[in-house]
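Protein chains in written order, with the working numbering: chain A, 1 to 191; chain B, 1 to 212.
No lab work stands behind these hints, which were simulated from the structure alone. Every value quoted in this text rests on a predicted model; they were computed, and no experiment measured them. Among the clues, some could well be false.
[Stated by the list, open to error] In silico BS3-like links for lysine-lysine, alpha-carbon gap of 25 Å or less:
(1) Lys-165/A x Lys-34/A
(2) Lys-61/B x Lys-168/A
(3) Lys-204/B x Lys-168/A
(4) Lys-165/A x Lys-61/B
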Amino acid sequence: MTELISLFVGMALINNFILVKFLGLCPFFGVSKKLSSAVSMGAAVTFVMFIASTATWIITRYILIPFEVEFMDIVIYILVIASLVQIIELFIIRTSFALYNAFGIYLALITTNCAVLGITLLNARESYSLPESIAAALGAGIGFTLVLAIMSGIRERLEIADSPKSMKGLPVAFITATLLGLAFSGFGGMI
Amino acid sequence: MASFAKEFSKGIGVSNPIFILALGLCPALAVSYSLDNALGMSAAVIFVLLCSNVIISAARKIVPKIMRIPTFIVIIATFVTLVTLVFQAYVPTLYQSLGIYLPLIVVNCIILGRAEAFASKNPVIGSIADALGIGVGFALALILISFLRELLGTGGISISLFEQLFNAGSLSFTLPAFSEHPLTIFVLSPGAFLVIGLLMALFKWIGRKKND
């Protein structure tokens, strides 16, 4: 249990997906302009990461390894993620339209989000067990949401800040990410 | 021929994938701490982009519109698998240090973006020019970023990729004095954001000067 918790915390804070592993940067710079959309996007990514890690673990363990076709993992994983996202989207439309309005549009973007494919590949490379994969996926998702939310709060202020003309927009967002990354590197000594 | 040159030069300058369009940032930031990584990554991206653009453009009339994106993804994933296997066999150290970022080329926005925006609508020759232009633009940006990061972060440059591949001598030099006290932040992850942010601001500034 302690190992699972330290894996979870390590994924969320120390090896943060955005600031340290640079995965999922497109939504980080694209979506993170409003707090509410940042949180919805983060929740959608965390959910898909959890489902995708579980599904790919089962597929790797019971199909890829027995048939010795591990080299096909990239093709299989991307297809699994794409179809899972479609199924989740259909399911959400049928069950709750309010939920669909809240994060439906982000679901389509998630298929090509490197954070989701990243966590499944990472689980396979590290040969995590099922509980470890789930802990890693949830940790990565929550760390992703946390940084997205922090960044959106900062960017709401940056919009009205008086930065030099050439730095406006993306460049200053990158500099902010630098400072955020430095602050997060302080978590390195935790475990 | 003129249009070939036009498509080619577009990717290097006005629609440079990294500095202007801000696409494909994940690998650009993650692997750019050393020049070796940058060269390997660039070669992989150019190969995948070129091959998938050619196949997608050749097959553009037989792929049904509704099945477009899944087809593209499978084609791209096939070439990425090829590259991964080749790297694993011939340059194992590079394969290790690129880690999961090599397979992640599948979801690189540059490649799917070019497939969707250009190759699925244009003939093969134009698609080759487009792929080479965007690919070289990506490579130049990546090499510039990693050159700055390695130079400032370790106080010198060393390239061992060619040594492994062709038994050629290794290229390396160090800055005197600076190499004893390098600015380590540049090889750490926050340094990647810093370098790209400053370079983007620089290019924006140059663009504004030109327009004035």
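Problem set entry | Hint numbers not upheld by this structure, sorted from lowest to highest | 2 and 4
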